[in-house]
Every structure is written in C-alpha cells, then in structure tokens.
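S.K.: One-letter residues, chain by chain:
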Amino acid sequence: MNGQYASLLIALPLLGAFFVPLIKGLGKKAIKTYVLIITAIQTGIAAWVFQQVYSTGKPIIVMAGGWRPPIGINLYIGHFAALFVLIVAIASFLMAVFNFKAIDVEPIDKYAMLFLLLMLGATGMIATGDIFNLFVFMEITSITAYALTAYNKTGEAAEASLKYMILGGIGSSFFLIGVALIYGATGTLNMAQIAQLAGNIDPTVAQVGLALIVFGLAVEAELFPLNAWAPDAYQAAPHPITAMFSAFVVKAGLYAMARILYLMSSVGTWHNVLKLLVVMATLTVVVAEFSALRQRNVKRMIAYSSISQVGLIALAFALGTQAGVDAGVFQMINHAIIKALLFLGVGYVAVQLGGADIENFHGLGRKMPVTAFGITVGAMAAVGIPLFNIFWSKLRIILATVEAGYTWAAFLVLAASVVEAVYYFRLIHAIWFEGEGERISESIPLVAIVVALVILVVAIGIYPNYLWSVSQKAGSDIFNVAQYIKNVPLMGVGA
Amino acid sequence: MFDWKLALEAIGMVIYATFMGFIFMGIERKAMARIQRRIGPPIYQPIIDTLKLLGKKESVSHGLIYDFGPVFALGASITALLFIPIANFQLFSSNADLIVVAYLLEVPMLGIMLGAMSSGNPYSALGVQRGLLTMVAMQLPYGLALIALIQHWGTFKLSNIVALQQVHGWSITVPALLLAFIVFDIVFQALLGLEPFDIVSAPAEISMGPMVEYGGKHAALLFTQHAVQLFAETAFFAVLFLGGASNLLELLVKQIAVLFIAIFVASIYPRFTIDQAAKFFWKWPTIIGIIAVLLTM
Amino acid sequence: MSERKNDEFISYELKEFKLFEPLFRWARKKSLWIVAFCTGCGGIEMPPLATARYDFERFGIMPNPAPRMGDLFLITGYVTPKTLKRIIITYEMMQDPKYVLAHGSCPINGGVYWDSYNVVKQLDKYIPIDVAIAGCMPRAEAVMQGIMDIIRKIENGEADGWKRYRENYEWYRKNQDELFGEGWREKDAKRWLAWL
Amino acid sequence: MNELMIMLFAPLVAGFIAWALDVRGIREAVGVLGTLVPLGVLAKYYSTIAGSNPEVVTQTITVGGFKLIFQLNTISWYFATIASLIGVAMAFGMVSTSRSSYEWLFALMSYTGVLGVFLSGDFVGFFLFWELMTFASFMMVLKRSRHESLKYFVLSVIGAYAMLIAIGILYAKIGALDFGTIRQALYMDAMLGSISKSLTALVFLLFLTAFGVKAGAVPLHVWAPGAYSEVDQSYTAFFSGALSKAGAYGFLLLYILMGAKLVAALGIWHNHMVFSYIIAWLGAITVVVAGFLAVLQEDIRKLFAYSSVSQVGYILLGLGIGTPLGFTGALFHVLSHAVFKGLFWLVVAALVLRTGKTRFEDFGGLAEKMPITFAMSLIAVLSLAGIPPMAGFASKWLIYEAAISAHMPLVAGAIFLGSALAFAYVVRFLYAVWFGQRPSDLEDVKEAPLPLLIGMAILAIPNIVFGVAPGLVTEYLGKFLGNPVGGNYYKLVTPTGTYNALLVAVLLVFGLAIAGLIFIYGAKTRRIPVTNTYQSGNPVTEDYNLSMRRNFYRPLAEALDFWLKYSWDRFYERLAGIAEDFADFLREGFYNGNVQSYAWYLAVVLLILALWGVL
Amino acid sequence: MSVPNISAFYFGAISLILIGLYAVLVKKNILKMLIGLSIMETGVNLLLISIGYISGKSAPILSEGIEPNQAVDPIPQALVLTAIVIGVATTAMTLSAAIVLYKHYGTLNVEEIRRLRG
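Protein chains in written order, with this note's numbering: chain A, 1 to 495; chain B, 1001 to 1297; chain C, 2001 to 2196; chain D, 3001 to 3615; chain E, 4001 to 4118.
Just so you know, the hints here were simulated from the structure itself, not pulled from any lab data.
In this text, a Cβ means the ideal position worked out from N, Cα and C, and glycines have one as well.
Treat the hints with caution; some may be incorrect.
Not the full set, but computed from the structure, chain D residues with beta-carbon under 10 Å of chain E [said to hold, decoys possible]:
#1 Tyr3566
#2 Tyr3591
#3 Gln3596
Kindly produce the complete structure, drawing on both the sequences and the hints.
M.R.: Structure follows, in structure tokens:
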C-alpha cells in the first residue's frame, strides 16, 4: 500500500469544510459533532501515517496528479511532517471538543468551515515539498486566521484581525517576492531541486531571496519586531482558536522557515542570516517575557509567554547545529502540549467566569479545582520545573546555544525565563492562595482533556527518552538536506 | 589508670588558686584604698566576706536555673584553671590549647548570665545585656592579640609557648607581641570587669548588675568563682606574655605585677558607657591588634 | 499563727551550724556590708566614714547596694510611712543574720518631729533595732562608735534583732498592718500601674 | 544496586502518596516512613563506604538522552546522612506542626532534591535535583507569603541559571557532563591552559553566585530571613539545616572539580590560593554581617534565620581556607550546624505551636511551662555558642586552628567576633523566651507534643555525642581528606594544637561537683516568687511585666548606626522595581496598539535586510 | 536560466511595491492603507510575471501557430493567477473588517483604533 492515501490528510479537511453548509440546517450541535468526527478521522489517518513513517523509516512522497517532481507538486511527509501533522490533528480534535463549550456566536457553520480550513492550511504548510504550494497553504492559513480572529464580532476582534491582516498581507507579499527571486534564479519551485541548485546561484540574489522568504515567514512565526499583531490576535480570537494558534499555526510558519533556511544552507552568506535570526529570536524571548510581567489579562499574559517560547524555538533552529535543531523540535512538541493545556484552561475559566482578567482567577483553586490544577501544572511546566517536560527541552536548548558559542544569548534567555517564573508564580499564588469561592461544576469532557494533558506533561517530564528519540529523528529530517534530496524522486531535468 | 598524683595535684591547685584568688581580691581592694590614702581592709578580707556569706542562715532561690547558674560558673572556672600550665605543674595543659582555654575562660560568663536572667530582676537583665555587649566588644581585639601570639610562636599549645618563651625570652620582648601585650592588657580590664569597663556590675547604676538578686551561699559561690577566675586570668596572662614560671613564687610575682597594672588603670579611669566601650574597643585596640597580627604574619 | 509560719517572706530554719559557729561569728563581725539605703537626713553622714579619715573599710565594712547580700541596715534619720514601707520590704529581703543601726534620735522617739503627723515615732515597733545612736545627726565618730557597738554585740551574740523579728513576727506584722492597713503591699504595687 | 534509586525516590513517592491520601493518620505515617527509608539505606551502606576497602556505589540511568550517574562515596554519604538525619527530625516535627498534605508533599520533594544533589555524579542530575529542591522549598514558602517566596525564588533561580550557563560552558569546552571526565579534563587543562583565564574566571564567578545564593553568602543572603521565617518552622529545620548545606556541597564540588584549574588560572597571592581566599573572605564577611544583624532582630524566627546565614558563613570560611584541616573543620561544622540549628528550629516550632507568638516581647518565663523544650534549647544554646563539651565547639575549634595555621589572621579575627555575636544572640533568646516574668496570656501553655519532642531528641543526642567524641567525625572525614586530624575518638590532635573533649567534660563535672558541694553546704534554699525581687524597695506586682525583652541590644544598635543605614533588602527591592518599570516601559513602548507603528517595525526590518545585503 | 536581466519591468514592479508600502506606512485612513496594500500586491504580481518574460516571445498559449520554445515561461503566469485570487480574498476580508470597525469605533482613523494594546 503506497502512501497515496496520505494525501487524504489534505483532502479530508477540504471536503469536510465544503460539506458543512449542507448540514447547516441540522442545528449547531450537529455541526460541532460533524467537526469533531472529521478531526477524529484526520487524527486516525495522521496516527497511521506517523506509525508508517516511523516504522519503515522512509518518508512518504505524494505526487499531486501523479506528476513526478519537479514538474508536479509533491507532498513530502518525512519524520518531522508525520510527527507534526499528528500534533496538528490531535490539537484540532481537542479544540473541537472544546468548541462545544466555548463557541456560541451565531454563524456556527462558517466557524466550522474556517476551523477545518485552518487545520488544512497548517497541515499543508508542513507537508508540502514545493515553495509556491507552501505560499498557497500559508495564505489559506492566514486568511482563515484573519476570519477566525474577527469571529467574535466585537470591536476588539475586528481591530485585532485588521492588524493581523495588514501585517500578514505585507509579510506574504514579500514572501512572494522571495519566491519569485528564488524561482528566477533556480528556475524551479521544488524544494529538493532548489537545495541542489542553491550552491551555484548568484550569492546576492540567493541572499536577498532567502532573506525575503525568511522575513515573510518570520511575520507568520512571530519573531521580535514582526510579532506586534500576535498578542492582540491571541487575545481577541475565540479560546479554541487561540489554543490552535499557539499550538501549531505559529509552528507551521516556524517549520517552513527552518526547512527553507536549511535547504539554502549551501548559499555563501548563510551564516549572517543565521546570526540575524539568533538576534531576533533572543529579542523575541526577552521582549515578550518582559511585556508579560505586569499583565492584567491572563490570556494576553499566556499569549506573551507563548510568543517567547516560540522565540526560544526559533533561537534553537537559528543555531545551525544538529543539537540545536533537535532541541528546537523537542521544545516544539512540549510547547504545543503546554500551550494547549494552558489556553484550554484559561479559555474554559473565561467562558465559565466571564472574562480572563486576573480578578476571576483569585481563588480559582476552590472554584474550579481541576482546571486550576491544570493551569498550575501548565504554568510550572512552562517555567521549566524539573519534573515537567519543558525542563528537558529548555536544558537542551541552553546547552546547544552555549555550545554554538552564543553565551550572551543564553544569558538573556535565562534572565527572561526568570521573569517568566515571576509572573507565572504570581498567577499560581493568585489561583490557590488568594480569594475564596464556592465550587462550580466543571464539564466532564474538558476535565478529561485537562487531566489527560497533565498526565502527558508529567509522563514526558519523568520519562522523556521516547519523545527525545522521535524529535532527534525529526531534527535530522530537517537538518541533513542531502538525505532530503535523495528521498525526493527528481526527474533529473533542470538547467 | 586514674593516676592519683595528678588528681591530688589538681585538688591542691584548686585550693591554692582559690586562696590566692581571694588574696588577689584583697590586694586589689587594699591597693585601691592605699591609692586613696586609706588604710583599707586586711588582704584576707574577701575570705572573711565569703565565710560570712556562707554562714548566712537563710538562702533564697528563684528556681533551678538560678541555683545552677553560679554552680556552673564556678565549675567552668575550675575547669579553665586546670588547663593552664601553672608554674611547674603540668596539670592538664597538655590536653588543651590556647583557643580551648580562651573559650573556657568565657564560659563562666554564661553561668552568671543564666543565673542572673532567671532571677527576673530588670537590673540583672540590664547587667546581662551590658556583660554580653562588653564581651562582644572586646572579643575582636582579644582574638587578634591571641592570633598574633599564636602566629609568632607558631603553636597553640600553652606548654609549648611557655617552653619557647623560656628559650627565646618573654613574649613582650618581641616588638609585635608588645603591641599584642598592650591590646591584651586593655582587654584584661574588661575580662576582670575593673574600672574603665566595669559597666557590667556598675554599683551606683544597677546595684551590682547581674549579682543583684544573689545572696547567701549563691553570692559566696560567685565570689569564689571570681577569685578562681582572677587567678586563672592572671596566670593565663603571665603564661602568655610573661613567659610562665618555673615555680609558684615566680608565677605569683608575675601575677601580682599584672594585677597591679590593672589596679592602677582601674583606680584612675571613670566608667565607659556600653556603646562608648564598644566603639572604643573597635577603634584603637583593634587597629593595634591588626598591626600586631600583620607584623607576625 | 500557724499559717504565718511559712509566710513567704520569712523562713524559719534556725539550723545552727555548731562546728563552724565561732568561725562564722568571727566572719560576721569582721565583714559587715551596709545596705546603702540611706533614709532620712543622715544619709550624708555615712560617706565620710568611707573617706581616708575614718575609713570603715578597715573593719571590712563595704557599702553594698543589694539587700540580698547586705547585713547592716542603716536607718539614718526620720522615717515617714512611705519610707517605712520601703524599709520593711528591704529589711525582709535581707538575709539573716541582719542588724539594724538607727542613727539620730528620730527613729528612737520621733526626735525633732515628735508631734509631726507624718513621722514614725518609734521605729522599734516596726522593725527591730540593734543599736541606736542618739544625737540629731550624730557625727562620724559617734557613728563609728555605734558600729563598734554592733561589732561587739555580734561578737558576744547579743545582736539578735533578726531573731526577735522572726520570733514575734506576728507582733511586728500587727503594728505594720495597723499603720498601713491590711495587704498594703499589693495595693501599693498596683497604685503605680495606672500611671505607667 | 538500585537501592540508590529506592533511597532517592522514596521520599518523593511518599510525598505523593501523603498528598493523595490526605488522611490525618496515614499521611503522617507515610511521611515519616518516607524519611526513614533513606536513613536506613545509608546505614546499610556505611560498612561498604567506611569499611576496610571503601568502594564507591554507582548507578547510572539514561533520561532524555542524558546519562545520569548516581554515586555514593565517602563525602556524598556524609552529606546524605546529615540531610536524612535532619529530614527524619523534620518529619517528626511536621507530624505535630503541619496541618495540610500540601506541606508534606513539598517537604519530601525538597528532601529528594537534596539527596539527589548529594548523590548525583554528573551535572545534569545535579542541576535537575538542584532545581527540584529549590522549587519544592519555594512552594512551601509560596503557601505562606507571596513576597518572600518570590524574593527567594528569583534569587535561587538566578543562581540555578548561572550554574546552568557555567555547565554549558564546561560542556562546550570539554564535551562531557559527568564529574569524572570533567575533573580529568580540567586537571589536564590546568597545564595545557586551553580554557582561557577569563573564561575560567567567568565560570568561577557563575558557580560562586549559584552556590553563594543557596548557602546564603552576604550579598545574596537577602532571601534567607524571609524564607526561613515564613515557612512552618519544623520544615525550616530541614530548610536551613540541610538545604543550605547543598550550597556548601557545591563549593566543595568546586574544589574537587576545578581546584587545579582555578589555581592555575587565578594564581596564588601571599601563598593563599586566590579563589579560595575570595571564598574565605566571603565566609568571614557573612559571619560578621549576619551575626550583627541577628543580634539586633526582634522576631525569634528572623534571629535564627540570620544565625543560620552566619553559621553557613563559617562553613564557607572553613572551605575557603583550603588546607585539609580547613576542610575537616568546615565539614564538621556542616554536621554540627545542621544538628544544633535543626534543634533550634524545632524548639521555635514548639514555641510557635504552643504560644502562637513570634516576637520576643510576647514571650517570657516559659522555662517552668515547657521544661523539656527548655532543656533541649539549652543544649542547642551551649552547642551554638561553642561551649567546649559540645559539637559546636569542636568544629569551630577546628576552623580556628585551620584559619590561624593557614596564616589568615584577619579572617580568624572575624570568626572571634562572629562567635561572640553568636553567644550574644543566643543568650538574648534564652532570656527573652525562657526567663523573666511570664506574660499573663501565656499561663496555659502546655509542653510541646510528643513527636516534636522525639524530633528534638533525635537532634540533641548527636550534639552531645559528637561534642564529647569529636574524633568519630574527624576520623571518618580523614578517609576523604588524608586525615589531617590525629588523636583517638575523644581527643583531636592537629599539628599545632590539641583538644581533649572527654577530659574537658570530666573536669567540668569535677568542677560542678566542687561547686555543688559548696552549694549544698549552705542554708537550705527557699523558693520565692518572681515578684519578690529588689526594685529598690518598691513592691512588685504580676501585672506589670518587668523583664526587658524589647530592644535588648539597643546600645549595640547605637554603636553601629553608621553601618545600619545601608541594607541589602532595600537595594534588591529597588532593583526589582527598576526591572518591573523597564518591563512596563518596554511593553507600552513597543506594543502601543497602533497598526501604523507595527507596519513601521516591518519597514525597519526590511531596511535592515536591505542594508545587510549591502554590507 | 541565466541571471534575469534587470529590465524596465522590474523597476516598475519595485516602484509599485514601494508606493504601496509608502501608502500603508503613512496614510492614517484604513481604506487608504488597504488600497496601498493592494497596490503592493499588484506590484508583486508584476514582478512575478516579468521574471518569466523572455523578450520577443508570445504569450504562453499553445495555439496552432506557437511552438513551445517561442512562448514565454508559463509557470510564473500560473503563480500570478493564484496570487491574484489570494489578493482578492485578503482585500475582501480587510474591507469587511474595516466595515465592522467603523460600526464599533465610529472612525476609520488608525490612531483611534487602539483598544488592544500594552
């Protein structure tokens, strides 16, 4: 059985999205269950693909329309893509469960469509092997993200989505210029072939093209000066969508940036692009942490924390060493789990107690103990406390950073994580030891999800070996480009 | 294995020290009187006083610790005494060195404090506070003087120091140790609680300081302890700086010489208040001590 | 009377130390500590004794502020009820054997203030006096003579004021309560609390 | 071989069970059992470690790609036994003082953390358990007060991250993380000098901050008073008894791993190793400053907190001297400080539990009401003040010997002053709490509960045993340090001095006998009430409290007013304020909500890219 | 493919992009910003087309008269098609957001729309 049905990963959400208007008449609950089923199937397929790729060790190549690359567009589902498509699917499934409780604004069918398209866009960005296809999927993700940010129909939501659109628009147009330059220089759009030809193209054009592509993707991946839209978008978007944003949408952009960065590694001036990225990533971590320090709105605080952790991943990728990339991937997985847990918890509190201000969190320990416990574990894990999962990945990243010679970056990142510890523990103190309140009943499915995620976090914290080996394989998938080129069956045509 | 000779020697030494201690207290009062052109009490007056206190028909106590305090003080003084190499009697000095003896000489202070504190009298509490602050103030120069000495002779053992002094001449002949001698002498005033630093039991202000509630046999115990302490301190001083002694008479002469220095200083100076004393101790004696220590580095 | 026996102020053990008694009597004679609690106008008469001219330290006499250690209690001059309260408390704090030396005529019979409402006419009714020195403030020589009398009395065992106080404590107590009223100690102690 | 694992994780598992069950009886039992297991395992291993052929017990597990090595050699056995001894005492203390299972969970987690720090043989395990220990103790403080706990956490996390960077640098330069290889590489490197002098200095500074924070050296001691006093006192016995020892262990580790390299890099000055001279002076300053601050405190917990900081200063000083004698003194002081400070904190726990008060002016006259606790505190007082027949004196004596014979006179002078201050604040505690007139509201105070008393007994016995027989400890330490201290188990003989503890005890008894004889000879004593004291004749009443408990050392404060103007607390508060304002400025400045300015940020980045291309 | 010769079309495209960027950066009114955005997109599309253009060749429609090697490179043209569609979608989205903003904020001036900040 060749991997052709792996293309179902792309087809299923697309078809699902377009069938939504048909069942619009059956009422809101039906639509939500429909979305749940679609995401469940998607998770099943993704799990099967993951098992297939990791057992055989060979990536699955899907040729669109049977055309062999570089003419046709191919989906390259390697170790990383398999892993991350699974994470995207699981996260969407969890958020689909959360939809039941969190979403009641009127046009549910449009929400369901956008929800599925967002999942599609992210999966596509990760799986594609062609840079223009990457641009198309990126645009799908961005447009659905703009719509979903404005979904709440409040003034703030519209303002946030406007900011996102303008900045996203500029970013994607420059990304397109980059693609045009690369295409102009190499004459092909297929990533594998670009990697082959990148060596002998004119260095200035290659550098400008690479810089512009990285710039375009950096807007999507929230690096320092370009992430001004992110806090507002996270705050204004509906709760499940914020969770999806931080869990995988940003990461898809980050992965794409890393993929292209390492493809073009044979370009002459590759190293100072990396240096620029290290500087931007460190600044992201520092600025985001400091801005979260005196935050009244907990959702915005966790948004800042998510941006800073993503900055940490970007730093790991920008180190340019195998250890750095592995650590970055490991951090990506842990961060996805943590942020899903945190945004789920905070969102659920905002839904139950109306609003995500710190006042509602006073005495949460008594009002909603399980959610409070989930948020506490998520916060402690995010800070990097030993028995939880981020500790291992943060340790890996710091060791890789210092090994790569950026000791100053390690200093700044650790100073920032001290600040992170301060505001997270202020939150924990507010939850458990301040204010009082009587117990409110919490819905069973959400409690189940929170407990499952907590168990996952602690399990990885105590026994990270399996996940570390998975992320090592995924890291090598990105890092050694030669293996990537061998895997893609190029037709050997080209200049 | 219990060698009787050492035990007898020890008991003899304790009796001798107590007796000589009382005589020293008598000399002290007699000399003060003679300086003030008074006849002054007979030298053995402290013995009479102690006997009178012992003879008291009634004895009052504020509790177990009130009784334990003076007993512990006297016990500690006797222990300290037995570790100092008195003249040709080695006693137990081979088993302890300078730091141990210096600490043992300060332990009676805790005994007196314990008793005074448990009496519940505010005057005694004030006396305790002043006693402790004097001790804190004088500890730094005291330590520096001892350190200078140890660094010069290179050993902590008292018996070795005495032996070295027999060979190389007294400590005060060495210039650096002369400075240490001066510092130690100032500290000696505070250790004995004589005039410039007798804030501890300032008679006029807080009526005998810590000893205000003591009467009868408790006061007798404290007087005996003061006597033994006086003898031990002067012997310690003589051993450290004046080259110990081959026989008791020579030691006695040195002890009385040291005592007279203290008496002359005491009968001239008015009393320091406690924070003046602290500031004084941390200014001049400490500076001289540091110089002495650096010289003997 | 019986419950008076173990009154917390006075203890009644009269155990005699037969063996050392002559030694202790010699020691008591040779070392008298004065409770420097100089009441009344004679207080200024006592310091000259300590100066070079008279120097009572020759006889082992030393002014000592703490009553617990003191033996010789000097009542130097007139005694008002307010001072008498302090005198009684201090006297009872002193440990046996203790002697009282009354200076001047006021403690004997009120002296110059014989008709004053506020002076205690006969001190002997309240605390036992061993030696009284007549004179409206006797000079230093007279006081020295008084002290020599005290020493002589101690020597031949006559100075038994403290024994008299103990044996007929009841009589003394009655006189005191008669003057100050019952339970005057607690009342007086609490009087100052409001002010503090 | 996996006893090490059982020993290490038994408390953690017990903590979780106690937290999960949360039933009054079972929770305490599980907790106490959890602390007893490590002590049992360590006792079992005593024969292999300290026996004739001492062989090191090791155990390696791979976690997340890192190979964690756990080893039990002489020095780690020593520290682990002290920690578990205090842990058992803490457990007994907490049986009567802690109400919630939250405290049991995090107390036992910090216990595992400390054991992990002592047993780990490589930096990742060391850092992991170091963070775990910090986090668990922080959560104990978080429950009581936010400000103190955050101050504690920020400082110790800064320390932990400084250590992480130092580990990273070493990992980058040497490529390995376990102590054996690092030690070998650095030893070789001392000659070759491939790691530059400045880099070694940086690594030394980072390790200094990391271990200085945990040990509480002066500039970084700010968290200690708050953290020690806010927590449930019987846990503080462990907190200040064992956790501060992790800092001391860190300094010792510094010597073991980087000793040769540091000497080669930082050189020798007046035949003292420069880096050890710095540590010695750090210790000396800590002793004096914390001593003065301890004397002037009004709150009983603050007094003992500063006293802990000052006593750990002694340990640093001992380590700083650098000679084997210095090490013996320091490590002996680790034991004696853990023991008598643990005892003090249990006494404070009993006092706070029974009276509910913490300031000196509310205490008084408790000696009759709580006689056993009073006896225990008397033992602790004698030991801390350094009265000869007690453990405190033996270790302090060794440190004196080492300091003076290593020609560090001014440092030795600092210890003299420090020990006098220790004497002063300990006597102040005795007076304020146990003696004098009892305030009326303390009439119905009962004796401390039985488990707390057991805990105190556990800690009091070693005080006396190691006091009278210090040789036991020095002989064990000798195995590791090339026995600088001779003499049998009750007599210490060093090249320059001797101290015969048993003889001092015997003579003290002999002296007490003589004094007792005189005492018995006099008239039979009659007990009189507290009101029968000489107030120059005025009658005394129970209502007005005559004892002088507040501002006991007011004159000393006046003598020191020049120095007391400066305080580290205010300095750190201002620093934190500046950091928070900077954060506000950054957030308001950058995320100002205007899309236009966001677009300008993009344009600026484009400009940089354009210029980049040109460069 | 040799280095694309920098011909006039590139200057046109780049200038269009810069004009669009200028409009977004300077104009206070949201609509003007959106117009600037779409100008930028057209500029990008023009750049994309001009990359595939080979002077002197016809449009890449293989009608009967045109041989493959006479036609211009068809791929960029395909890319531009999708880019235009995406441009339309984004512009529609931003305009609807502008309408909602106007309804809530009552103004289109970018300075006033600043509720989400800090």
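S.K.: The hint names Tyr3591(D) as touching chain E; please verify it with the least Cβ-Cβ distance against 10 Å.
M.R.: holds, 6 Å
S.K.: Does Gln3596(D) hold up as a contact with chain E if the rule is Cβ-Cβ below 10 Å?
M.R.: holds, 5 Å
S.K.: Report holds or violated for the interface hint on Tyr3566(D), using the least CB-CB distance to chain E and a cut-off of 10 Å.
M.R.: Violated, about 36 Å.
Violation of the numbered hints given earlier is confined to hint 1; every other hint is satisfied by the structure.
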